[in-house]
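In case you want the letters, here they are:
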Amino acid sequence: MNARAATLTTASRRRDMPALGQRAFDLLCLTMAAVLALHASHLPYWLTVVLALALGLRWWQRRRNGARIPWWVRLPLTLLLPITVIATYGTIFGRLPGSALAVGLLVLKALESEQLRDARTGIAFACFALMCALLFGQSLPMTAAVILGMLPALACLRALEPGHRKPHWTREFTPVLKTLALATPLALAAFLFLPRLSSPLWGASLNADAARTGISGRMSPGDFTQLLIDDSPAFRVTFDGQVPPPAQRYFRGPVLWWFDGRSWTIAGKLTRIRHALPETMAYTDPVYHYSVSMEPSHQHWVFALDTPLSAPDGTRLTAEHTLVRRKPIDKLLHYQVRSTTRHILAPELSPQERNLGLELPAGFDPQARDLAQSWRKTYGDNDAAIAQAALQMFHDDGFRYTLTPPPLGHDSIDDFLFNTRAGFCEHYASAFTFLMRAAGIPARVVTGYQGGYWNASAHYLLVRQSDAHAWSEVWLKGRGWTRFDPTAAVRPDRVSLGAIAADGGSAPWGQRGWLKALRNHWDVVNHWWNQAVIGFDALRQQGMLTSFGITHGNTMTLMLALAASLILLMALAAAFTLVPRRQGDRLEGAMALLRQRLARAGVARRPSEGPTHFFARAARILPHERKRLKALGDAWVALRYAQTTPAPEAIRAFARAVRDFRPRRVVK
Amino acid sequence: MNDDVPATSSVRAGRVTLPQRVWRWLTFLNRGKRPEPLPIVLGRKRIFILPTGFGVGFAVILLVMLVGALNYSNNAALLLTSLLGAVAAGSMLTTFRSMDGLRLDNVRAGTARAGEPIRLDMDFAVATRPRQALHLDIAGQTLAFDIPNHHRHTLELYLPTTRRGWMPLPRLCVHSTWPFGMFRAWSWLHPNLRLLIYPYPEAGGPPPPGDTAGQHRRHRHGGDDPASLRTYRPGDPIKLIAWKASARHENLLVREFEHPASRHDRVLTWNDTASLNHESRIARLARWIDEAHAANARWTLQLPDRTLGPDASIEHYHQCLRALALLP
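Protein chains in written order, with our numbering: chain A, 6 to 673; chain B, 21 to 348.
Derived by calculation from the structure, the hints in this document are not laboratory data.
All values derive from a computational prediction rather than experimental measurement.
Incorrect hints may appear among the rest.
[Stated by the list, open to error] One side only, chain B facing chain A, incomplete, derived with CB under 7 Å:
hint, residue
1, A96
2, L100
3, L103
4, R117
5, A153
6, A164
7, C193
8, H195
9, W198
Using N, Cα and C, we set each Cβ at its ideal position, and we do this for glycine too.
Modelling step: build the complete structure from the supplied sequences, incorporating the hints.
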C-alpha cells in the first residue's frame, strides 16, 4: 500500500509544475533587489522605496506563512503601476518610464511567483531589466555592478532545478562565477566581432541628461561654481609626438561676444557661427597632433587645443576657430585634430566684427568705464599697454581667487572691481573683457578648459570638468586675437595647478595627497574602459580588422570572423566535453591497466568474480607470476576496501607495480 | 555498431548507399529502443539535447537585448548580452556533461504478485564528477536523483504490475535540464531485463483436500513443548514466536520443533483445482502455497508437467511461485 502511495505522489508531481523552493525564492528576491538597486539612481525615490518595501514584505510573508497573495491585492497593484508611471512621466515610452515600468513589473512578478515557471519568467525578465540599467550609464563600476547582478539570477536558475542540493547560500554563487569565467572567451569573441550598427534602427537619440552640464554657450559670473567642483572627466587627450607645455594647454570652446550686463552669450544667437567663414589665420610650428576622446556633454561644442587647423569629420570650424558639431554629443566621441599655439588669428578685423567686439550694454557699470577711459588717456594708442595695465591691476590691487565669491549687485563689474574683489576665472574674464571694450579695444570672452592632469604612466592628458576655464581674447593690431588670462595674473597657480589648488584652504577632502593619486590611477582604468569597451564602435572594429591585414573589412567580414571564432570556441569546448578521458581515480586507472594486461595474458575478469577470486584464478593460470599477483591482489584489496581514502604514496606504489607487471601468455 | 544493417549488402556494393545511410541513422536514433545488456553507459552517441521552452524564451530575450544594445550602440549592454549568451551556450555543454558517462550498472527487482507494485533498485554510477538534478522517467513516473561524491546512487522505485509471468522492464528515459533549465538532455535506456511477477493468490477458499491433519497439528502445537528456542528470523510465522520467553530476552524467540511437521506434508495438486478455470486454479494454488509457507509446513506442488518438493524452505516457496507464474 505504502509503495502504491509513493508511486501516486511521484506521478502527480509531474502533472503540476513544481512549487518554488525556499532557496530559489530567496535568490529570486535577491535578483529583483539587485535590479531595483541598480535602477534606484534614476527612479523617483518614492517609487524605489515603495517597490523595495513591497519586495521585502513579500519575501518576509512567503517565508513566514507561504500563502499566495490573493488576486484582489495583485490586480489593483498591476493596474496602479502603469497609471503611476504615466502620472509621473506622462508616457510609458522612453528610457525613464520604460525602466520604471520594467522594475515595477518585476516586483509584481515576485508577488505572484509561486511556481517554477513564474520564477524562470521573472529571471529572464530580470536579465533584460539589468541590461536596461546600462542605458543610463556604462561606466566601469556600473557595468561591473550589473554583471554582479547576474550572479543571483543565474544562481536562482540553478536552484530552480528539481533535485538541486542546497548548499550554504554563499556556496550558490561559486559555481556561477566559474560558469561566468568559462563563458568569458566566447563572450569576448562575440563582443569583438558582432558588427555594430552604423546608424540606429529606430530613432534612438537618448534624452539629454539634464543634470550634467559641461560648458555651454553662456557664461555669467558664478555659473562655473558647480562645474569647478565636478571632478568627472571632460575629455582625454593623447598626443602623437610633442606635448604642449602646461602653460599652453588651453582648450578653446564657445567664444562669447554678447554681454547683457550680467551674462556673456554667443553673438546674435548663433548667427555668426552659422554664417561666418573662419577667420584667416597665419601660424608657425609647433603643430600638435593628438586624438581626443570626449565624454558625453549633451552639447554641440567640441574642444581642441588652442586653435585647430582643420575640423575633424562630423564637426565644423566656426568663425573663431573653435569646433562645433551638428548633433549634441550624447555618447563618447573620438576625434583627431591638429592644432597650433603660435598663430596670428584674424590679422584684419572687419567693421562688423570690430563693432561686435566693442559693444557694451548701456547703463551698466559706470565706474569701470571711467577706469578704462583713464587708461586710454594714460597710454594713448598703445592697446597692449592698456591690457597690461589691467592685468597689473588684477595682480596688485588686492584681488583674491576664490571658488566661493560673494554675490554681486546690479552693476556686477563695478561691484567686482571696486567692492568684492573676489572671484574666479569667470569674474576676471568678464571684468577684463568689459574693461578692454570700455577702453575701445575689441575683446571677447573664450570659455573652455585649461590645464588637465598629465598621466605619466599612460601618457595622456586628462581634462576634468573642474578644469573649465574662461579667459579673454583681445584684438591687437599686427597680432590678431591675442589671449589674455586675467586669472593667471591674480593667481598663477590656477594655470599651473588647477582651480581647486588655486582656491587654497577650501579643498574638499577628496583632493588631498594619496587620495588624489589614487583617483588619478583610477582614471587610468576609466580611460582604458572608455577606449577599449565603450568607444569600441564600427570604426574601431575596422581598425581591429586592419591589424589582421584585412583592409577592406565590411559587415560580412565581421560576420564571418564572428562565426569562425564562435565555431572555434564552441568546438574547443565541445571537444573538451565530448572526448572521453581516463575515467576514475588513479587507483581505478591502475587497476584498469592491470585488468587489461591480464586479459591480454588470457585472464579476463568475469563479471561474477570478486577481486580475491580474480587474483587467485590469475595466479592459477599464470603460476610463474604467482608471487607478484598475490602482492598486487593484497595491495588492491587493502587500498580499495580497507580504508576510505588510501594514502597517495601507496596508490603511486601500486600504480608503479602495475606498470612494471607484464605477464606473458602461458602457452598450453 | 549497427547490427541491423545486413553486412553482406554493404560489402557487395563496396560502399554504403544513401538509403543504407539513412536507415543506419534511423536505427541510430532508435538505439534506445532495442533492449541491451547491462551495464549501459551513456555517451555522446545516445544523449540527445534540445533547448527547452524556457531556453527558447531566453534566446528571444537575448535577441531583444542584442538589438537594443546595438541600436543604442551601448557597448556595456552588448558585453552583458554576449556574456549571458555565452553562459547559455556553455550551459548546453554542462547539461550534456551532467549525463555523459552515467552508467546503469544493475537493476535488482523485488518480488511482487500481479497487481501489486514491484520494487526496483537501480544502481546508477559515475566514474568522474558528481551529478545533480538527474531525472528518470519510467512507466509514467518521474524521479529526481543525483549522484554525489561517492560515485554511486541506488534509485528505489515501484512499478505497477498487471499480470503474472515475465514482465519486460519498460524503456527508461534519463533526462536532465541542469544547470539553468535552458536545455534538456535525454537518453533512452532499454535494459534487456524482465521481471517475474508471481500470481496473485485468491482471497479465500477451501483448504487443500486431505489436509485434515492441518487442524490437528496446529492444535497439537500448543500442547507440544518446543524442542528448542532460536532467535527470530524474518519470515518466521508470528504464531511460532515464544512471546513469554521473548519478553525475558533482547530478541524475539521462536519455537523450533525437532522434526517440524514431517508427518504432515501437504500435497498441493493441480488436479485438485479442476473445478475452476485456468487462472483461478493458479490463484488457488498460490494461496495454498502461501498458507503452507506461513504455517512453516512442508509441501509438495504437483503441476501438470512437474512436481516440486517436498520442502519447506524459502527457496522452495519461490520456486513454486515461479513455476506457477510461468504456467502457460
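Hint check results:
1. A96: holds, 3 Å
2. L100: Holds: closest Cβ of chain A sits about 6 Å from L100 (chain B), inside 7 Å.
3. L103: holds, 4 Å
4. R117: Check passed: Cβ of R117 (chain B) comes within 6 Å of chain A, closer than 7 Å.
5. A153: Because about 4 Å separates A153 (chain B) from the closest Cβ in chain A, which is inside the 7 Å limit, the hint holds.
6. A164: holds, 4 Å
7. C193: Check failed: Cβ of C193 (chain B) comes no nearer than 12 Å to chain A, outside 7 Å.
8. H195: It is violated, given that the least Cβ distance between H195 (chain B) and chain A is near 11 Å, above 7 Å.
9. W198: Holds, because the Cβ-Cβ distance from W198 (chain B) to chain A comes to roughly 5 Å (cut-off 7 Å).
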